[in-house]
Every structure is written in C-alpha cells, then in structure tokens.
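Chemist: Chain by chain, the residues run as shown.
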Amino acid sequence: MNNLLVLPLIIPIITAVILVFLREQIVLQRIISLITMIFITIISALLLNMVQTEGIMRLDFSGWLPPFGILFVGDSFSILLVLTASIITSFCLLYAFSTIGSRHEKMFFYPFVLFLIAGVNGSFLTGDIFNLFVCFEVMLLASYVLVALGGKKRQLRESLKYVLINVVASWMFLIALAFLYGTVKTLNMAHIAVRVAEAGQDPLLTTVAILFLIVFSLKAGLLLFFWLPGSYSVPPTVVQALFASLLTKVGIYALIRTFTLMFPLNQDVTHTIIGVMAGITLIAGCMGALSGRDIYTIATYNVIIGVGFILIGLAVGTETALTGAIYYLIHDMLAKALLFLLVGMVFYVSGESVVKKMSGIIQNYPLFGWIYFLVMLALAGIPPLSGFMGKVLIGQGAIESGSYVLLALGFASSIIVLYSLLRIFLASFFGETTISYDFRKPIPKGAYLAFVLLALSIVSVGVGAESLAVYVKDAANTLMNPSIYIDAVLKG
Amino acid sequence: MESLMMILIGVLVAVGIYLVLSRNIIRVILGTAILSHAVHLLILTMGGLKKGDVPLLSQSKGPFTDALPQALILTAIVISFATTAFLLVLAYRTYKTNGSDDLQELRGMSDE
Numbered sequence: 002m003n004n005l006l007v008l009p010l011i012i013p014i015i016t017a018v019i020l021v022f023l024r025e026q027i028v029l030q031r032i033i034s035l036i037t038m039i040f041i042t043i044i045s046a047l048l049l050n051m052v053q054t055e056g057i058m059r060l061d062f063s064g065w066l067p068p069f070g071i072l073f074v075g076d077s078f079s080i081l082l083v084l085t086a087s088i089i090t091s092f093c094l095l096y097a098f099s100t101i102g103s104r105h106e107k108m109f110f111y112p113f114v115l116f117l118i119a120g121v122n123g124s125f126l127t128g129d130i131f132n133l134f135v136c137f138e139v140m141l142l143a144s145y146v147l148v149a150l151g152g153k154k155r156q157l158r159e160s161l162k163y164v165l166i167n168v169v170a171s172w173m174f175l176i177a178l179a180f181l182y183g184t185v186k187t188l189n190m191a192h193i194a195v196r197v198a199e200a201g202q203d204p205l206l207t208t209v210a211i212l213f214l215i216v217f218s219l220k221a222g223l224l225l226f227f228w229l230p231g232s233y234s235v236p237p238t239v240v241q242a243l244f245a246s247l248l249t250k251v252g253i254y255a256l257i258r259t260f261t262l263m264f265p266l267n268q269d270v271t272h273t274i275i276g277v278m279a280g281i282t283l284i285a286g287c288m289g290a291l292s293g294r295d296i297y298t299i300a301t302y303n304v305i306i307g308v309g310f311i312l313i314g315l316a317v318g319t320e321t322a323l324t325g326a327i328y329y330l331i332h333d334m335l336a337k338a339l340l341f342l343l344v345g346m347v348f349y350v351s352g353e354s355v356v357k358k359m360s361g362i363i364q365n366y367p368l369f370g371w372i373y374f375l376v377m378l379a380l381a382g383i384p385p386l387s388g389f390m391g392k393v394l395i396g397q398g399a400i401e402s403g404s405y406v407l408l409a410l411g412f413a414s415s416i417i418v419l420y421s422l423l424r425i426f427l428a429s430f431f432g433e434t435t436i437s438y439d440f441r442k443p444i445p446k447g448a449y450l451a452f453v454l455l456a457l458s459i460v461s462v463g464v465g466a467e468s469l470a471v472y473v474k475d476a477a478n479t480l481m482n483p484s485i486y487i488d489a490v491l492k493g
Numbered sequence: 102m103e104s105l106m107m108i109l110i111g112v113l114v115a116v117g118i119y120l121v122l123s124r125n126i127i128r129v130i131l132g133t134a135i136l137s138h139a140v141h142l143l144i145l146t147m148g149g150l151k152k153g154d155v156p157l158l159s160q161s162k163g164p165f166t167d168a169l170p171q172a173l174i175l176t177a178i179v180i181s182f183a184t185t186a187f188l189l190v191l192a193y194r195t196y197k198t199n200g201s202d203d204l205q206e207l208r209g210m211s212d213e
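In order, the protein sequence lines correspond to chains A and B. In this text, residue positions in the first sequence follow the numbering used here: the first is 2, and each later residue adds one. In this text, residue positions in the second sequence follow the numbering used here: the first is 102, and each later residue adds one.
Excised from the complex, chain B in its bound form (with noise of 0.2 Å):
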C-alpha cells in the first residue's frame, strides 16, 4: 500500500510543478494547490498507514493508529486553503491593475 501511495504522490508532484512551472498565473495557483494535497498524502504515509484500531481507549483494544498525521493534515489544509484563496484574490488583482496574467510580462525589467 506505502508504495502505491508513494507513487501516486510522486504522479501529483509531478503534475503541480508541471503547472507551477507554466507562465499563466491560474495555473500556477492550480499548480500549488496540488502540491500541496501530494505532501498531506505524504504526511499520511509518513506516519504510518492503519494498521490498528481507532485510536479511542474504552471503544477499542489495541494496537492502536497514530492519529496525529491526520491532525498535522487538517491544519495544512487549512492553512493552504486561506493562501491559496488570498493567491486567488491577489492573482485576480494584479490581473486588473497590470493587464495581464502571463507571468512572463509581470517581469518587469524593461520599464525600471
């Protein structure tokens, strides 16, 4: 199962920083929301896939699963999720104001 899951993790990083490498701003953004969800499946498989029962003293009998990969993943995602919502707002922003969403021409060399 750990290396179905490490390949599938590997397919995903792939696949973000192919689109994190790309000019357009969207998918730039669509790139690291990806990457993102690749390394909490990686949390995940760090920790240890189930191998034991919930982790609640009185339902269960040991061995129990580590839970804490799963607490570690829920505060990622929330902390991706607010970034990549405040990526959006700015994308968008500096879209209107620069005319323009290919990151090639947000360079700005030439005119400084």
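Next comes chain A alone, as it looks inside the complex (with noise of 0.2 Å):
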C-alpha cells in the first residue's frame, strides 16, 4: 500500500478541473499547469527508487484487497514510462507558452493537456484490465478535443476520422473484454495471468489474446497505422509531439504487458504474429518515409518505423530484446518528441513543408539546425546518444533467439531513418539561405530552451544508459519472469 502511487493520476485531474476556472488567467494557467508537471516528475522519480528498495509496489483502492477491488501497480517498467512521460510533457509545456498563441490557451489547452497525461498515467499504472479501457478513454477523449481544436478545415476533417477509428477500436477492446471475463472471470490483470497458466491458454484464449492484439495494434499503429500520418499532421506542432511520443506508446506499452503477463504461453502463434505484424511495419514506415515529400509526411512515418522496432523487441521475447526494447521505448519517446517539435519549427520559420522549397535554415538559425542533426543522429542509433543502447540489445536478442529476418529488417530500417532525416538536413538544412539574416523570424526562446533540455536529455540517456541500467533490467526482469508481479499483486 503506497499512497503515492496515484497522484500521478489525480493531480493533473485536479489541476485540470481547477484550470478550467481560471480561464482568462493564462499566466496563471501556465504557471500551474508546469509546476504540476515538474511535481509529478519529481514523484515518479522518487517513485522508481522506491521500486529499487521495496519491491513492486500496489495500492488497492478503498481496500478493497485484490483480486476484487482495482488496484494500481507501480513496477521498474511503468513508472520509468510514467517519469519520461511526465518529463516529456513539462518539455512540451515550455514549448507551447511561447508557440501555441493565446486563442488555443483560452480554449482550455493546458486542462485539456493534463487530462490527456492522466490518462497517459493512469494507463501505465493500473492493475486491472477493465481500468485500462477507462483510463484508455480518459487520455483519447483529451486528445479528441486537442485533435480538433483550432477548427481547420483540414483539421476537422482528420480528426472526424481519428475519433471514429478510435471509437471503433474501443468497441473492439470492449468485446475482447467481454470474452475475456466470460471465461477466466476475473479483470485483475495478476489474477487473469493465474487463471490463463491454469487453464494452459487453451485456442478460445489465444483468441481472445488475439483480439486485444488487434485494438492494442490500432492504438500502437502497429501495422494498423494507415489513420496516423493524416491525424498526426493536423493539430499544433506541440499536440503532434504530444501524440507522436506518447499516445502510440502506451499502446505498445499495453502489448508488451499482454503479451508478458497475462498471455504469455502460446508464443509460437502470438508471438510470431507479432513478429510478422512488426516486419511489415517496418517495410511499410520505410516506404512512406522515403516517398514523403513534405516533412510532416517524413515525421510521421518515422513514428511508424519507431514503433516497429520496439516490437521486434517484444516478438522476440528474449530478456536482452526486452531489455533493449524498454531503453529504445524511453529514446523513442524522447526523440519523436523533440523531432516534432523542431519538424513544426522548421514549418514555422520557413512557412514551407516541403523538403525541396527549403534551403539554408542552419545558416540563420545555427543552434535549431545542430539540435535537429543530434536528433538524426540519435534516431539512428549513433552512439553515445540515446538510441544506441536500445538497438544494441534488441539486434543482440534477435540473434540469441535466431530471429535474423527481423534483425535484418530492424538495421535496415535504422539507415532508412538516417536517410530521410538525412535529406531533410541537406535539402532544407545546408545550402545558400533565401531569407537574409536580419529579415529571419526569431525563434521564440521558450521553444530554444525545450529544444536544448529535450537534446540534454538524449544525450544524458546514451551517456548515462549505465546508471539507468538498474532500473531497466529491473524492469526487463519482471517482464520475463511475470511470477514476480503476480506474487507482489496477489500475495503482498
């Protein structure tokens, strides 16, 4: 029993709910609406290291003792995504007070920005499937409204397609839940691993595993992708980072818990599904981010390429291929925040998406051009930045486990990333510039200083893989042996 476990949920609903009333006082709301999220960072920081001491940690709402009541279970590998979460969205605050304007700020953006890290939390944290689907909502009924808000005429029309998707998608965890209690009884994630194991995941199980594979997939955009580059392309620059390094996550995020917990014993069909389904998404993110003209395009789909790759990880299920997949989910989320935010920049100071009508923005904006060639470097798995460490282990992995068509697509996609990142460099990086130095428009300094903290952060990740390294094996390890949350759920 921790107390502590649930403020990274119920502080930002709070806060949330109290923004709304101070809808004129947009200083106000700033002011608040960071140090909430500096405050749960803090948290959750202290929340890991809590994990290192006392073990997993769960807290039963009303006392309701598991397997009955709903619990949230906080071990190494959700609260490290709880703290790059919240890391990653204070980053993005900076971001927006000088960039989002105050038409949105008075629309109830920053409410709506901490409803959606809620539900981001809170689907990290929970121990109860049926939760999941709640929390789940929680984070897609705010990203709803950040979707649409701004009423473009393009705008409206994606996110009238990104809602009924997700609504559709939700039906389908709906049914996969229905089936699911209808034969193990049971919506406590620990209690459906005990029950799954006795019953030896008969083919009606695997079934039902298969179903949440499917809306899990449609969250991730996990070969079921093709409503991601139209919707991420629309809102503000901020809300695309948001999305791009958090709402595909906590879809694979839900997978890798499935898939390690609750459905672990028919790996030959999941998990080779899994495997096919994260080949073709590799192939299929290689291709639109070669085709793609415009950067938004080319971002995009390196999203897709990302979240292909950190389930090769998953599929092949070895403890170094996890290992490497949750230190590649932290770079990922870091990365695909920060390339977004520099992608929207780019659009910003230029007014162009297209790679070809760019040139020579390095030249009046030195630092903003280092800073995007640190994130292409990091996306590529250079070392000693971020991404290096994770693709080490899961290449590693796959060869321990013989997996070498998925090690052959994984290294092949990394230089297709250098690739098109590589373009967008040269073509609208280098070159002669067409806007003099004194006519450039300047770059707003809280944008600079979340630019430099997010590029900090990277570089800190691949230096410090080391000392990061007890949290993420820790993490790796009570993934491959599920007996050790099983026992801290149900037992402690």
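Worth flagging that the hints you see were computed from the coordinates, not collected in a lab. These numbers come from a predicted model, not from an experiment. Heads up, the beta-carbon is just placed ideally off N, CA and C, and yes, glycines get one too. One should not assume that every hint holds.
Within a straight-line C-alpha distance of at most 30 Å, the following computed BS3-like cross-link-like pairs (lysine-lysine) qualify [what the hints assert, rightly or not]: (1) Lys154/A <-> Lys107/A; (2) Lys151/B <-> Lys162/B; (3) Lys154/A <-> Lys442/A; (4) Lys162/A <-> Lys162/B; (5) Lys357/A <-> Lys446/A; (6) Lys162/B <-> Lys186/A; (7) Lys153/A <-> Lys152/B; (8) Lys107/A <-> Lys197/B; (9) Lys154/A <-> Lys197/B; (10) Lys153/A <-> Lys446/A; (11) Lys474/A <-> Lys154/A; (12) Lys442/A <-> Lys153/A; (13) Lys186/A <-> Lys151/B; (14) Lys186/A <-> Lys152/B.
Here chain B is said to cover these stretches of chain A; the calculated rule only asks that three of the stretch's residues, wherever they fall, bring their Cβ under 8 Å from a Cβ of chain B [to be verified]: (15) 143-156; (16) 166-172.
A few chain A residues that don't get close to chain B, going by computed Cβ distances all over 12 Å [what the hints assert, rightly or not]: (17) Ile27; (18) Leu181; (19) Ile416; (20) Ile436.
Two chains, two frames, a set of hints: combine them into the complex.
Modeler: Next comes the structure, spelled out in structure tokens:
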C-alpha cells in the first residue's frame, strides 16, 4: 500500500478542473500546469527509487484486496514510462507557452493536456484491465479535443476520422473484455495471468489474446497505422509532439504488458504474429518515409518505423531484447517529441513544409540546425546517443533467438531513418539561404529552451545508459518473470 | 436465453456495421451508438444471465448473481455517451466548415 502511486493520475485531473475556472488568467494557467508536471516528475522519480528498495508497489482503492478491487501497480517498467512521459510533457509545455497562441490557451488547452497526461499515467499504472480501458478513454477523449482544437477545414476533417477509428477500436476493446471476462471471470491482470496459466491458454484464450492484439495494434500503430499519418499532421506542433511521443507508446506498453504477463504461454502463435506485423510495419513505414516529400509525412512515418522496431523486441521475447525494447521505448519517446517540435519549427520559420522548397535554415539558426542533426543521429542509433543501447540490445536478442529476418529488417530500417532525415538536413538546412539574416523570423526563447532540454536528455540517456541500467534491468526482469508481478499483487 | 441474447447482439452488430459503412456522417455516428449497445449486451451475457439472488448479504441468501458486469456496463455507457456527444458536435462543426456531410467528399485527396 502506497498512496503516492495514485498521484500521477489524480493531481493532473484536480489541477485541470481548477484550471477550467481560470480561463482568462493565461499566465496563471501556464505557471500552475508547469508546476504540476514538475511535481509529478519528482514524484515518479521518487517512486522509481522506492520500487528498487521495496519491490513492486501496489495501491488497493478503498481497501478492496485484489483480485476483487481496482488497484494500481507500480513496477519499474510502468514507473519508468510515467517518469519519461512527465518529463516530456513538462518540456512540451515550455514550448507551448511561446508558440501555441492565446486563442488555444483560452480554449482550455492546458486543462486538456493535463487530462491527457492523467489518462496516459493511469494506463501505465493500472493493474486492472477494465481500468486500463477507462484510462485509455480518458486519454482518448482529451486527445479528441486536442486534435480538433483550432477548427481548420482540414483539421476537422482528419479529426473526425481519428475519432471514428478510435471509437471502433474501443468497441473492439470492450468485445475482447467481454470474452475475457466470460472465460476467466476476473479482470485483475495478475489474477488473469494465474487463471490463464491454470487453464493452459487453450485456443479460445489465444483468440481472445489476438483480439487484444488487434485493439492495441490500432492504438500503437502496429500494422494498423493507416489512420496515423493523416491525423498526426493536422494539430498544432505541441499536440503533434505529445501524440507522437505518448499515445502510440501507451499502445506499445499495453501490448508488452498483455503478452508478457497475461498471455505468454502460446508464443508460437502470438509472438509470431507480432513479429510478422512488426516486420510489415517496418517495411511500410520505410516506404512512407522514403516517398514522403514534406517534412510532416517523413516525421509521421518515422513514428511508425519506431513502433515496428520496438515491437521486434517483444516478438523476439528474450530478456536482452526486452531490455533493449525498454531502452528504445524511452529513447523513442524523447526523440520523437523533439523531432516533431523541430519539424514544427522548420515550418514556422520557413513557412514551407515541402523539403525541396526550403534551404539554408542552418545559416540563420545555427543552434537549431545542430539540434536537428543531433536528433537525427540519435534516431539512427549512433553512439553515444540514446538510440544506441536499445538498438544494440534488440539486435543482440534477435541474434540469440535466431530471428535473422527481423534483425535485418530492423537494422535496414535504421539506415532508411538516417537517409530520410538526412535528406531534410541536406536540402532544407544546408545550402544558400533564401531569407537574409536580418529578415529572419526569430525563434521564441521558450522553444529554444525546450529544444535544448530535450536534446540534453537524449544525450544523458545515451551517456548515462549505465546508471539507467539498474531500473531497466529490473523492469525487464519483471517482464520476463511474470511470477514476480503476480506474487506482488496477489500475495503481498 | 443466452442463445436468444446472442442472436439479438448479432442483429445489432449487423445493423451497426451496416450504418458505419454508409457515407453519411450522422448514420455512421448512429451506427457506433448501436454497436456500443450491442457490446453492452454482450458483456451482460458473457458475465452470465441471472442465475441467483440479488447480491445483498443481509437480505437474500445465495447463490448470488455476479453484479460486476452491470458495473462494467454502467461505466461503458457513460463513456460511450460522452464520446457520442463529442462526435455529434465534431460532425456538426465539420459539416459547417467543410460544407459536406458525405464522407466520400471528406476524404481530402484532391486538394493536397
């Protein structure tokens, strides 16, 4: 029992409700929302250290002991993700202060960002699968508003599709839940794991597992990503960055949790399907990134490639590969947030989104240009930046288990990522500038601050991989041995 | 009783999917509403239809009915209510700004 565990969910909700009443006081809204996110970052860092000393924590709401009540479970994996998500949201808020504009700020932009992060944190922390559905919906409702806020022609059109796709996905989530409840008669994830192990995961349960796979793949953009490029390119830059770094990752978290904890027994079927899906996602993502002519298309397809690469780690399923997947997940959240912020800023300073129509940005904004170069290297996996550890470990895991096809696809995709981003760098950043230095649009200081902080965290995740290793190894160990998680929930 | 319920759910899903596949936005939204009703009935049926007593310890003696599916459905109804309300507003705004409620015309391939 530890009441700290509920704070990453409850504090954003309470503050968001308060902020609704402060609609006109924009400065106050900014200060309160930033303080909230910093506070949650500190809390999750505290929780992460407590998990190392005290083991997996849980919080039974209103004292109903598992498996009867709803509960929050904090293990290293979920709290690492809560921490990363909170850090990224703080930085994105810094960027938002100087770029989003008072029109958005007066239309409850900050409250909805806080609702979004509450849903995200809740999804990471919950130990009850129906509660996972509820947290998903909290997150999705906030994201529906954020994607449509602004009300431009194209934006509304794309958000309608985004909402409809997600409504259908949530409907399938409920079907999967109904069948799961009908078969195992419990909703507590640890208890489901026990019951599934007792029943030996027969074909019926595997079918339910595949239903969950479809639902979470839709959310994560694994193979079923057809909705993603359209809806991720319409909202304002900050919202894009938050979506790219948080929303798909929640789907990935749910996939990893489902297939390591609840349905790990029939790996021949489920993990093979995940592997095939990850492979196809990589190929399709690479094709999209290569064929894209504007920066938004290239960036969104890079998100898809990232999803495919992380799920190679799950498909391979050895401890090394899962350690790599967690490293890469953290890296991808940071790097994709930065990439989208940078791409949005490229559009802001040049007024163009087509790669060939821009040139010479780096001459007017040297620091900006080199930060882009840094994130490009990080996404390609160059040491000592953050992408390196994840790529090496996933590759090592793939070799251990002999999945050479996935290995080849994964590393070929790194080259494509490098190529697609280098193309932007060479065409848009290098060359003669079309706007003279005196007439350039200044980049707001807050935006620079967000860039530098995100770039610093990418470097420090890469250089400090050794000091992160304690947490990541513990997380991977818990994923590989579900009995640790189950004992902590049902016996503790 | 279960098979009757399953047939009903099947009919609702068929109606819902027929509506979702149509071109008019309002019909699509009504389709999602009907689909959500279908899945609520599915949860009720999968949880086991009434076999025992009201689950109140002091007022009835077992065997008790499982009350959990109803709690789940209640939550799901609230969520689908919120989503449908939001969708209707969004569809209205999209219709106002884009001047069309036909999804075929909202595909947006031609102008980009």
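Chemist: Next, verify each hint and record whether it holds.
Modeler: How the hints compare with the structure:
1. Lys154/A <-> Lys107/A: Since the Cα atoms of Lys154/A and Lys107/A sit roughly 20 Å apart, the hinted pair holds (cutoff 30 Å).
2. Lys151/B <-> Lys162/B: Cα-Cα ~15 Å, so holds.
3. Lys154/A <-> Lys442/A: Within the cut-off at roughly 26 Å; holds.
4. Lys162/A <-> Lys162/B: Answer violated: Lys162/A to Lys162/B is near 51 Å, above 30 Å.
5. Lys357/A <-> Lys446/A: holds, 28 Å
6. Lys162/B <-> Lys186/A: Since the Cα atoms of Lys162/B and Lys186/A sit roughly 22 Å apart, the hinted pair holds (cutoff 30 Å).
7. Lys153/A <-> Lys152/B: violated, 54 Å
8. Lys107/A <-> Lys197/B: Given pair Lys107/A, Lys197/B holds - Cα atoms ~22 Å apart, limit 30 Å.
9. Lys154/A <-> Lys197/B: holds, 9 Å
10. Lys153/A <-> Lys446/A: holds, 27 Å
11. Lys474/A <-> Lys154/A: Violated. Lys474/A to Lys154/A sits at ~47 Å, over the 30 Å cutoff.
12. Lys442/A <-> Lys153/A: Judged against 30 Å, a Cα distance of about 24 Å means the pair holds.
13. Lys186/A <-> Lys151/B: holds, 15 Å
14. Lys186/A <-> Lys152/B: holds, 15 Å
15. 143-156: holds (count 7)
16. 166-172: Result for this restraint: holds, n = 4.
17. Ile27: holds, 24 Å
18. Leu181: violated, 9 Å
19. Ile416: Consistent with the label, Ile416/A stays out of reach of chain B, its closest Cβ about 29 Å off (over 12 Å).
20. Ile436: holds, 25 Å
In this structure, the earlier hints numbered 4, 7, 11, 18 are contradicted, and the remaining ones agree with it.
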